[in-house]
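2 protein chains.
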Amino acid sequence: MKLILDGLDLADAVATVSRATSARTINPILEGIKLTAKGGELTLSATDLEVYTKKTIRADIKQDGEVIVPGRLFADYVKKLEKSQITITSDGATVVINHGDNVCNFQCLMIEEYPDIVTLKAKPHFSIKSEALKDLIAKTTFSASADDARPVLKGVLCEIEGEKITAVALDGFRLSRVTKTIANHKEDLKVIIPARSLDEVRKLLADDNGEINIVIENKFFQINIGNTTFASRLIDGEYINYKQIIPASFMADVVTECAGFEEAVSRAGLLVRSDRINLVTLKVADKTILITSTNEIGKINERVPASLTGKDMTISFNAKYLFDVLRNTSTDFIKLSFSGELSPCVITSAKEGDFLFLVLPIRMN
Amino acid sequence: MKLILDGLDLADAVATVSRATSARTINPILEGIKLTAKGGELTLSATDLEVYTKKTIRADIKQDGEVIVPGRLFADYVKKLEKSQITITSDGATVVINHGDNVCNFQCLMIEEYPDIVTLKAKPHFSIKSEALKDLIAKTTFSASADDARPVLKGVLCEIEGEKITAVALDGFRLSRVTKTIANHKEDLKVIIPARSLDEVRKLLADDNGEINIVIENKFFQINIGNTTFASRLIDGEYINYKQIIPASFMADVVTECAGFEEAVSRAGLLVRSDRINLVTLKVADKTILITSTNEIGKINERVPASLTGKDMTISFNAKYLFDVLRNTSTDFIKLSFSGELSPCVITSAKEGDFLFLVLPIRMN
Numbered sequence: 149m150k151l152i153l154d155g156l157d158l159a160d161a162v163a164t165v166s167r168a169t170s171a172r173t174i175n176p177i178l179e180g181i182k183l184t185a186k187g188g189e190l191t192l193s194a195t196d197l198e199v200y201t202k203k204t205i206r207a208d209i210k211q212d213g214e215v216i217v218p219g220r221l222f223a224d225y226v227k228k229l230e231k232s233q234i235t236i237t238s239d240g241a242t243v244v245i246n247h248g249d250n251v252c253n254f255q256c257l258m259i260e261e262y263p264d265i266v267t268l269k270a271k272p273h274f275s276i277k278s279e280a281l282k283d284l285i286a287k288t289t290f291s292a293s294a295d296d297a298r299p300v301l302k303g304v305l306c307e308i309e310g311e312k313i314t315a316v317a318l319d320g321f322r323l324s325r326v327t328k329t330i331a332n333h334k335e336d337l338k339v340i341i342p343a344r345s346l347d348e349v350r351k352l353l354a355d356d357n358g359e360i361n362i363v364i365e366n367k368f369f370q371i372n373i374g375n376t377t378f379a380s381r382l383i384d385g386e387y388i389n390y391k392q393i394i395p396a397s398f399m400a401d402v403v404t405e406c407a408g409f410e411e412a413v414s415r416a417g418l419l420v421r422s423d424r425i426n427l428v429t430l431k432v433a434d435k436t437i438l439i440t441s442t443n444e445i446g447k448i449n450e451r452v453p454a455s456l457t458g459k460d461m462t463i464s465f466n467a468k469y470l471f472d473v474l475r476n477t478s479t480d481f482i483k484l485s486f487s488g489e490l491s492p493c494v495i496t497s498a499k500e501g502d503f504l505f506l507v508l509p510i511r512m513n
Numbered sequence: 149m150k151l152i153l154d155g156l157d158l159a160d161a162v163a164t165v166s167r168a169t170s171a172r173t174i175n176p177i178l179e180g181i182k183l184t185a186k187g188g189e190l191t192l193s194a195t196d197l198e199v200y201t202k203k204t205i206r207a208d209i210k211q212d213g214e215v216i217v218p219g220r221l222f223a224d225y226v227k228k229l230e231k232s233q234i235t236i237t238s239d240g241a242t243v244v245i246n247h248g249d250n251v252c253n254f255q256c257l258m259i260e261e262y263p264d265i266v267t268l269k270a271k272p273h274f275s276i277k278s279e280a281l282k283d284l285i286a287k288t289t290f291s292a293s294a295d296d297a298r299p300v301l302k303g304v305l306c307e308i309e310g311e312k313i314t315a316v317a318l319d320g321f322r323l324s325r326v327t328k329t330i331a332n333h334k335e336d337l338k339v340i341i342p343a344r345s346l347d348e349v350r351k352l353l354a355d356d357n358g359e360i361n362i363v364i365e366n367k368f369f370q371i372n373i374g375n376t377t378f379a380s381r382l383i384d385g386e387y388i389n390y391k392q393i394i395p396a397s398f399m400a401d402v403v404t405e406c407a408g409f410e411e412a413v414s415r416a417g418l419l420v421r422s423d424r425i426n427l428v429t430l431k432v433a434d435k436t437i438l439i440t441s442t443n444e445i446g447k448i449n450e451r452v453p454a455s456l457t458g459k460d461m462t463i464s465f466n467a468k469y470l471f472d473v474l475r476n477t478s479t480d481f482i483k484l485s486f487s488g489e490l491s492p493c494v495i496t497s498a499k500e501g502d503f504l505f506l507v508l509p510i511r512m513n
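Sequence order for the protein chains is A and B.
Plus 148 on top of the position in the first sequence (first one is 1) and you've got this note's numbering.
Plus 148 on top of the position in the second sequence (first one is 1) and you've got this note's numbering.
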């Protein structure tokens, strides 16, 4: 293998794919980055066997070839070569990086041991605007579980029905549901995508609000953004019937300005942030929500203006769960709907909105 | 105590003084911040018994008073009140913070247990330009030792002689020496200032290059910057006679461009960063310095243009020690002076300069 390329192009590509390398693995080959030089292009790929990232850049290929370089060292080294023109040569056993009068040799990893990089060839299953996909991810992945004991809950359920996608995540204490419009829809489908994979997708999405094509095939999903291909395994299994968790009717609806409520919850949460249950209490009445936290050091009372329809209510929550929701609503006014002090609180936009959050209360003694 | 003040002023003052509170202490009172309301001003103070920080801000004082508030909670809470007008009241046992319709109560700490805040009343011992002081600190504190076994080496020796201050730090492997011009000098003096205190001073210095007055009295030093007073204990003891460590004559001088050399050392260091001795080897010849690092994964050869006077030389260093020096030289061209493969390397500006660094080589087997 021999090629000449621009340091900035290489540094950028390595930064993108190296996030898929696996640092803490029992299989050291997954720490590698695969370089494939062919037909005027260099392709860099990496995987941890859950996600697969691949990026292709222009290069002056003098001789085709394929090698596996040590990922972290290679990434850190080329990051420092942004200003250089770089020559990379390899006999398969070592890779040699030349820039100016400088030369760096790294031992390659065994190419025979490297897993195949998943690339789906199917036609896109649907497409979605970049901004909509970002918002869908931001509003759902934080509600997914981190618990290995229930693998399906580490994912986000995506239900494609007609020209809509509904994404749901829940961890037993809270739930997120978002619906977005899609285009070029092929057929209805339900898949569970790992929350971590979606968070990686979000980092790849540009700010241009372009149309993103989603390919789903053989228990994988894949997106292509420019010259980057990102694929992830889907999670196997039956998702929880989440619809029955969401209350259908409420005893009280209260509307408040989101930013002020978020700040008040964040201040009240300071006092209890080191407690296990992180408890704040909301006293909901017409004109005001009173947010209270208390411990042996002090007491915080925060008041935000609100407008109530229905019954007064006193109800306690984990401040972190409320805060996670509030910082992701991206709307001016929200509606909190209550069915009782022991029933979940549902948070939606005060106007029409495409999202719903649910937070379980904490039972007070 | 009762006062009304601006949230932004308070948040700013708390951020400054709270760095002097002690988070990991056997004495919980040192986690507190002292509020003193008197004569139209609120003074916030904090100490960990090594450094003492005090900041005075304008406030509408309705009733004088003094209390000790829990430092971290108070700081985190008022940080979130930048936009508010705040009322603080206290009976000594609890402090009450009102903003808008919100109210927060914190238990106060015992004012009887709080140490006196050191404030020196003497006339300044000398003054120094802010930029010069910043540079003096940047070039010395990284060479100070972190080892509690030799307390004097955790400090920076400051020798005031005539209209000059010479600052020296060393840890047994490297040494920094910087000389700066001072003004309004009272008398010659040697003091050892904790490196950590100087790093705190650096954070307080504004970008205006104003004249900074340094007060030294009773084994303390102090600076006043605007409405902030920062004092620190001096370190007691006899400093090492560092002058005998610096070689007087050299076998070889090599001049090179600092930025290119720094980048080359930083790249070569990547390969060995996880090794204990972090070894890079310099092969110094006319026209070139060849910087080499090697381990079982690979080998890096970096070349930088250089101009040699004297004998060729091959000498090895801890890459981190070289890198710490190079990123703090703030000069275009540096001179490396060698007296042999086992003798310290001296790094100075290629032109006239006010600094000298010394790095011990590593003996190669």
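One should not assume that every hint holds.
The list treats identical chains as one, so a pair stands whether inside a single copy or across any two.
Pairs of lysine to aspartate or glutamate residues, derived as DMTMM-like cross-links and limited to a Cα-Cα distance of at most 25 Å, are as follows [stated by the list, open to error]:
| # | residue 1 | residue 2 |
| --- | --- | --- |
| 1 | K228 | D472 |
| 2 | K228 | D423 |
| 3 | K435 | D249 |
Rather than coming from a laboratory, the hints here were simulated on the basis of the structure.
These are the hints, each one checked on the structure:
1. K228 with D472: Close across copies (17 Å), not inside one copy (37 Å); limit 25 Å.
2. K228 with D423: Between copies, since 20 Å is at most 25 Å while 44 Å is not.
3. K435 with D249: between (73 Å within a copy, 12 Å between copies)
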